[in-house]
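Go by the hints and put chains B, C, D and E onto chain A.
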Amino acid sequence: MIVVLAILGLFAFLIASIWAAATLDAVCRGWIAGGGTVSPAFTPLRTAALWLSQQRLTTEAPDRLNALLSIAGYFALGLVGLALVPIGPDTTLIALPTSVVAWGACESLVVVVVFLHGWSPNAPLALIGAYRYVAIGLPIMLLSMFVLIAAALPAQSLDLRDIVTSQSSVWNVIRQPLGLPLFILLGLSLTLRGPFDYADSADLAGGTSVEASGPDRLGWQIARLVMLTGFSAVAASVFLGGYLGPVLPGPLWLAIKTLAIMTVVIGLSHLLARMPVARMMGLIWIGLLPLSFLDLILAGVLAL
Amino acid sequence: MSWISRLAARAPVPVFIAQGESAPDALARLALNPAIHVVDSPRAACILLISGRIPSALADCLNRLHDQLPHPRATVLWQSHAMEPFSNAVEVDASDDIANALSATFADLLAGDRPSEADILPDAPPNEWRGIGPHGQGGKGMMGGTPYGRPMAKTDDDIRDGLSLDAYTADFGPFLPMFPAGLALTLTLQGDMIQAVTVAHPPFEGDTAARERLLRLLGLSALALRSLHGQKGDGTFRRLVRLSRARAAIPADLGRLPDGSDVRSRFDAMVTGLQTAPASDTDMTLGDLLVGLEWHEALLVINSLDNATLRGVCARMDAPPDSTNDATHADHDMHAEHMG
Amino acid sequence: MTTIISIAGILALAVLFVGVLRAAGWSDFAGSATAPQQRPVLGGGDPQTHAWQRFHVRYYTMTLLFVAFEMEMMFMYPWAVVYVAEGGKALAEMGMFLAILSVGILYGWREGIFRWE
Amino acid sequence: MMTSILFYALSALAIWSGWRVFRVDSMIRATFALMVSFIAVGAIALLLSADYIGVATVFMMAVEMMVMGLFMIMFMMNPAGLNPMQMVHQYRFSIGAGVASFVGLSVAVLTTALPVSPLPPGGETLRDLGTELLGNSMLIFETAGVTLLATMVGAVVLSSASGRFGSGSQGAQPPGLTEGGAPAGRKVDAGSGHSHHGGGH
Amino acid sequence: MTLTAILIVSAALFGIGLFGALSQKSFVMLMMGLELMLNGTLLATVGFWAFTLAGLPKGQLLAILIMAVMAVELAIGFALVVAVYRKRQADVTESLTTMKN
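Residue numbers (this note's numbering), protein chains in the order written: chain A, 548 to 851; chain B, 6 to 345; chain C, 22 to 138; chain D, 867 to 1067; chain E, 1077 to 1177.
Simulated from the structure, these hints should not be mistaken for laboratory data. Hints should not be assumed to be uniformly reliable.
[Claimed, not checked] Capping the alpha-carbon separation at 25 Å, the derived lysine-lysine pairs in BS3-like fashion look like this:
(1) B:Lys145 <-> E:Lys1101
(2) E:Lys1163 <-> E:Lys1101
(3) E:Lys1134 <-> C:Lys110
Because the structure is a prediction, the values reported are computed rather than measured.
The shape of chain A in the complex, shown without the other chains (with noise of 0.2 Å):
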């Protein structure tokens, strides 16, 4: 019964942030570029029954099984990310002992998916756009990697329902003030979003997505929105403390701080400006690597 109840209140909660972090995008876009936006809640709706009732293209001999499996594949690797969320003590979808490596191990299937994305049309834009993520993805999963297991230090445990329980009194935003910013980065490259969007980029015309018309443009989209939310509750589990918090009910307040993650991933993706790749390849590596080896020690000294 327990499970029914948390299976529909998660859907529920899944289109609602859905629909909410188009918005938001569309609100953020406007805001920006300066000129406002009409009716932003309505305007999804309308562009994802325009794909629907467009005509699905393919291109010469394109690689079909690939194509539907990236979609599909990306769509349920966030509802994966979702799942391994607790959405009260001891309350998850998926109890596993060791979420935080299947989560690792997700981030790196994204890194598949989009690459199937840009492979399977056989278009020369698409492909570039693929390789160019997984110059990306790869090395920005180690960020991901080194957090967690600074998180996972206190909470002696790579489970997320223990990491969660672990900050009954002091979030680990506070007790690692590195890990929540790089974490943010790892995310806004797990959505193909603003400095990290080196898939489905603008100099490449949309990238991995540049064939895809109606319907599979719209699986797509929903598929980087579904990511968003995935990524974006296990972001408010690990550093925000998740569930916990006074008076509103735990879910509630999941659903709160996984609404602040996916704002602040949405800014950041207008905001920020997106350098060559192989500038970030680099970046990655020298820079932001050994900033999450700071963070992995400061939190193990803590920690003792």
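Positioned in the frame of chain A, the structure of chains B, C, D and E alone reads:
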């Protein structure tokens, strides 16, 4: 599914712009209209907006572009000229309101009052392939033939790390949203790096949207929109550009011209709105500027040049690529047999 | 076991999602693409060959370093769980680990592999 | 019961996708078929309450197969399998060897009395592993760390093009042989197989 | 689910891998065969660990080491492929013997 169509008809109109010569100045500001969504890829568009005069040399490109839109689709000609394949298109002249025309066409299209336009080009692959070869796949051997209508790529030398892998040659443009209007390049790529470049068509004269494109290339599409407002002293705009670290994102020394300016300094000049004199006449060719650069860097270089300089650079011919093409082709065929 | 069932359920849901999106009936224009519609998007240009080719990956050396680097991380996960319990020994262990990884990065940097080759 | 059904389904998936690796034309499909095989094995490990090993297999193998895919496409001609292809040798011998090893191992397994009760779930397997790594098996652990460092260095030495003697981005265009002349190509041994542009087959 | 079934599955994976490693001409496909053989070995290790070693941590350590072997094999193998290709433009095993110069 009429309710879907009704809902869809109220979405921002997805327009792909094919810009010709002497297009109206208002074209760049079309993106500021919240009822219009200027899209990056023809795959996402419903309406192909042809604006300005399309030179006859680019007519084939326009036809190809038109056919890449998914159904339902329509063409709108804005201050353009009559073209034979687009006899059914909606024509809009200087006195009409373009946004209204686009919205009306879009609504008609989704309501079914306006039939979706048929293909211009014949429904045939670039090369005949069906039924050819032992598996009917259009090829024999591992690299021969034209499987699925196109030949396979051939290996070529690499100028950076010496791994001779397949080179990809194609005409990019003239209607790519990240290229200056009219520019079409024949690029040979090894991976995402530019190996050889020739100008297939130079950019049109009088293009002024370089700043907006450069900001979009840096992933700042919302800021690019803001830059279109064109208020000279928009302090917020400059503050936001500084906040975005766009300057630091551009590699130093990229695309340096003999007058000492590089992409970074030219970007600075664009953002502060300083009118710099067109770069002094150089004898550089586009090949000198682009060969060896990664795709994103190359696009930054192209879009950092002002219109006059870019036209000058494009006008100078590169040394013709050595004519080994036939030789490699013969070699390639030999291999196809060899492996058959 | 429940983990695997849950993940299988999520996968089924994702396939259903794509299936519903692609189901005929949403659009009045569901016909398959014609040959000119299938040409890859190049803004009007046309390619000479297929895009699928021996793609020149410019960061291949980085990926090899990455694979070895990532394998080291596999030892760190079990280490993190017993870190507090083991105390000083674990701290020394972490120092060794980070030292090894840093040497790897520094060597790669010196050889210039974090650039486009 | 449910566990058994899952086990057989996952085993079938692992074997089928492992077989597909050598039967598909597209290199990318081959690579990711192998990845599916690994993921299925990881899931079986989860069924056997190896919580860490199972998930870590998925994690590691997704990454490794991504890298493998990059290299497959880079170095195989016709990487997408647009033309059907078969690049095999000693085919019969290989089939024989594969079948013989399977039969031999299976017979050995079937004729041995093996324990039937698996490890109960819920054990602290991860903590045990951590304690072991910091205790008895410290030496193995350290050796593995150093070996992996050596691998990093070795892979870089073998595959890197220019190394520290020149920047990849600076050497974008080699200087001309004469003043203002065409860029010099890279040196080619006269008469070597270089003109064989499709690779020497 | 018995240890016998697990070991037979792992033997099947090993057999397919052996077939691939022996029959494929290209370096990279050969490595796929090796990886598949190691996959079978990994499964057998986990099976033995769960059934006969009663969860002894050494079994898990062995499984991790098998994965480390895969990573080393992959990294060094591909580095060699790159080095050979750079020198000889060759990507199949036989060209190493026939192109001696």
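Which hint numbers doesn't this structure obey? none
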